[in-house]
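Student: One letter stands for each residue in the lines below.
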Amino acid sequence: MKKLTTQTAVVAMLLFTMLLPHTLSAQTDIDALMMSKNEFCIGPMYSYSSWKNYWEGTRKRDNQNLGTVSTKMLSVMGNYGISKTLSVLFSTSYVKTKASAGTLQGLDGIQDLSLFLKWRPFQTKLGNGKLSLLGIAGVSVPLTNYTPDYLPLSIGLHSKTALGRLMVDYKWKDFFATASATYLLRDNIKIDRESYYTTEMHNTHEVEMPDASNYNFRAGFRNQRWIAEAVVNIWTTLGGFDITRNNMPFPSNKMNATTIGANFKYVLPPLPQLSIVAGGNTTVAGRNVGQATTVYGSVFYILDFSRKSTSTAPTLKAN
Amino acid sequence: MKKINFYFVIVLATATMAITACNKDIEGRTDNIPALTPSNIDLNAGTWKPVLLTSPSEFAVAAPGATNTPDYVAQINEIKSWQANLTSDEKKIVQYWSAGAVLRWNEILRELVAKHNLPPYQNEDGTYPIPSASNPLAYPQFPFANPPYAARAYAYVAAAQYDALIAAWYYKTLYNRAAPYKVDSTLKVLIPKSDLPSYPSEDAVLAGVATEMMKLLFPGDQDFIQQKAEEHKRARIIAGANVRSDIEAGEALGKAVAQKFVARARGDRAGAAVGNAALWKQMADECTEKGETPWISLETPKRPPMLPLFGKVKPFLFDSLTVIALRPGPPPSTSSAEMKAEVEEVYYQTSHPTREKMRIIDFWSDGAGTYTPPGHWMSIAAEDFIRKNFSEVRWARNMALLAMTEMDAAIVCWDAKFTYFNPRPCQMNPNIKTLTGVPNFPSYISGHSTFSGAAAKILGHLIPERAAAYEAMADEAARSRFYAGIHYNKSDCGVGLVVGRSVGDYAIQRAKTDGAE
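Here the protein sequences come in this chain order: A and B.
So that you can map any letter, position 131 of the first sequence is 131 in the numbering used here, and since no number is skipped, the others follow by simple counting.
So that you can map any letter, position 118 of the second sequence is 118 in the numbering used here, and since no number is skipped, the others follow by simple counting.
Be careful, since some hints might not be right.
Here are the simulated BS3-like cross-link-like pairs (lysine-lysine), alpha carbons at most 25 Å apart as the crow flies [stated by the list, open to error]:
#, chain 1, residue 1, chain 2, residue 2
1, B, Lys24, A, Lys160
2, B, Lys357, A, Lys72
3, B, Lys215, B, Lys260
4, A, Lys96, A, Lys190
5, B, Lys215, A, Lys98
6, B, Lys260, B, Lys49
7, A, Lys96, B, Lys433
8, B, Lys302, A, Lys52
9, A, Lys98, B, Lys302
10, B, Lys357, A, Lys160
11, B, Lys302, A, Lys190
12, B, Lys302, B, Lys314
13, B, Lys49, A, Lys96
14, A, Lys60, B, Lys302
15, B, Lys433, A, Lys52
16, B, Lys92, B, Lys24
17, B, Lys433, A, Lys72
18, A, Lys98, B, Lys357
Source of the hints: derived by calculation from the structure; they are not laboratory data.
None of these values were measured; they are calculated from a predicted model.
With the hints as constraints, model all of the structure from the sequences given.
Tutor: As structure tokens, this is what we get:
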């Protein structure tokens, strides 16, 4: 047995984490940060989301037979710098749901695998700051055959998706603003039932999933050591139908949500490969979704696979 | 670098194309089935035994005009003028209805049940509003098409359609008017030709019955139903299958027969099945007096039990005394070791759900927002009937047998539920978390099991080569309720299947003597 170095210990810990039946929600596909070439950033993320009130169509209500619905999520996210303008990212999550009241049992399991390519084809000086354009392409596939037809307690919607995202980032001194627009394609899903009613009867297992769009705005402070940002996110389902009065939700509902939140990242001075991320958001407007408040925390570690050395300073480039 | 960017673009483009290329359009299992071509037109069906009609000629149908009159020629020309300018919508309507009108009306009815199968939201004070037939569009919309309501709705429509078709077949053979395409060989026909006389139109009979019955059962959906009926009648004219006088005579006959069923429905005691607060309390008290733990609603706020007097509704296949004779013995006492063991079994089951059990639970859940277990069995039956190429009248007869079985199964099951008022497993042990919604009525005996045992029995008689498959489905449906944690395995599901099969036997007795076999 060779001696355990700090680095291999961390790798072992991370691998162990990945083997746990859990997963993540990646944030890094939606920010403007790039990795350095041959650097690999990986870490677990834990998030807790809950709601008591929800929108049944546009009508806001609670449900004493559900109480508070919570979702715990443990994710693993990774980000590898192919070059300084191209990264590949992945994330996967273990999800556990629960209703605090009523008789319905929560579910848990491994959810989806997401893969993204993040490309920064263009960067230029503009005024006193720097303007970057980014393009992100992603796909996600369910990793297990969990049921989507048990909302609001199913662990996901079980749809294969693909997204394209355009992003603009402007940084001036240590301040920045980022805006992105995303189009998400969603493949049809299959449910266990032979028929279901939306606004009409469908005598099939298959459910047509509406596509979705997402707009994300973030701004704040960003340097090598710190990030502090405020985030607004607007998710819109392009199609779908409203939950009818006192009915259960369905995967192809028109689910819309606007959230506001904040994120913080801190790079540890004594161990610059290690960063701590924490954040949260809350839903300020919605349709056919819970009025969720989410908090999350994460630890990321950067491994340098470049031939040079392992002693370089940390890098999630804060350009 | 350049190379990497190039690969990136390729990957992006491929991923995008792969997803956009997948066709999102979904075809329902019966959307594009071929036109019905009966293997036997059942020309003698006018002699089959009706459900309510005293004779097939109870409602008069006037003799049709001769096919050589100017009036008839004008009706042929109406078909020709439709056919001269067919739109794609019109072709689609013809294709849709040609698959079989009993099938299509059954599907429409299932759709309305699913739309209306939603429990009302509570009032501010924690009570629940009751839907009102006289104000069907106000919230909560009428009806709440829960399983007993749905079972009864399917039965009335199916039985009325069957009786009306017996009358139609009687007049078809009596008057023997040839189909338009036999009178005028130049006429285009958009559906398979048939030797069945065309007056009165069997399709119009079915549309007439459906519209009339649905005024009673789904009074808030008249626009939808009328539109379907208009399309149905027009499809037959466009297709060259019927002239207008065939349609008019058929529709009038259908409506007249339906009236007889409407009158029965108004007096079958279903209207009083909701009960009242005093009755709900009395049922619980009687249970307590016997030393048993009475059922309580597990919803918040507590919802009154679903249709506690549905067990008093007048059945189709037997009389009300037989309902009591079919009532199973009591479940294990709520304080017995046997019951404790059954509760423990449910707790263990729900603590170890597997994906396969989840699939079974979901497949048979048939809960809120669905066409209910009787509707699920209609769907199973319909897809097998399609393969059998039954005539419309045999379709109607078989659907009526199944639907009456399901209604009577609901009556017998509800009689047991409210006789014993037995609590659900998760009332006995609040640690039990269910994998589907807990139905808001007593546990013993399982509705799914009773419906499924009954349906499997009559369907196995109608399509003997599928009997074993139906039995296996019924077993799985029953088991699904135990897996979900909402029923005891042995007492609720096991006894439910047995009682259901006994109800099914009555349907088989009827089937053997109705003249159709």
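Student: Each of the hints needs a verdict: does it hold here or not?
Tutor: Hints and how they fare:
Note on B:Lys24 and A:Lys160: the hinted pairing holds, with a Cα-Cα distance of about 12 Å set against a maximum of 25 Å. A hinted pair counts as satisfied when its Cα atoms are at most 25 Å apart, and B:Lys357 with A:Lys72 qualifies at roughly 24 Å. Pair hint B:Lys215 plus B:Lys260 holds up; C-alpha atoms about 14 Å apart against a cutoff of 25 Å. Restraint check for A:Lys96 and A:Lys190: the C-alpha separation of about 21 Å stays at or below 25 Å, so the hint holds.
Distance check on the hinted pair: B:Lys215 and A:Lys98 sit about 43 Å apart at the alpha-carbon level, beyond 25 Å; violated. Straight-line distance between C-alpha atoms of B:Lys260 and B:Lys49 comes to about 16 Å, which keeps the hinted pair within the 25 Å bound. Straight-line distance between C-alpha atoms of A:Lys96 and B:Lys433 comes to about 15 Å, which keeps the hinted pair within the 25 Å bound. At most 25 Å may separate the alpha-carbon atoms for a hinted pair to count; B:Lys302 and A:Lys52 meet this at roughly 20 Å.
For the proposed pair A:Lys98 and B:Lys302, the alpha carbon gap of about 22 Å is at most 25 Å, so the pair holds. Of the supplied pair hints, the one linking B:Lys357 and A:Lys160 holds, its CA atoms being roughly 24 Å apart against a limit of 25 Å. With a CA separation close to 35 Å, the supplied pair B:Lys302 and A:Lys190 exceeds the 25 Å bound. For a cut-off of 25 Å, the pair hint linking B:Lys302 to B:Lys314 is broken: about 29 Å separates their Cα positions.
Between B:Lys49 and A:Lys96 the CA atoms are separated by roughly 58 Å; this puts the pair beyond 25 Å, and the hint is violated. A hinted pair counts as satisfied when its Cα atoms are at most 25 Å apart, and A:Lys60 with B:Lys302 qualifies at roughly 21 Å. Note on B:Lys433 and A:Lys52: the hinted pairing holds, with a Cα-Cα distance of about 19 Å set against a maximum of 25 Å. Annotation: proposed proximity of B:Lys92 to B:Lys24 holds, straight-line Cα distance about 20 Å (limit 25 Å).
Among the hinted pairs, B:Lys433 with A:Lys72 is consistent with the structure: their alpha-carbon atoms are about 18 Å apart, no more than 25 Å. Simply put, A:Lys98 and B:Lys357 have alpha-carbon atoms about 19 Å apart, close enough for the 25 Å limit, and the pair holds.
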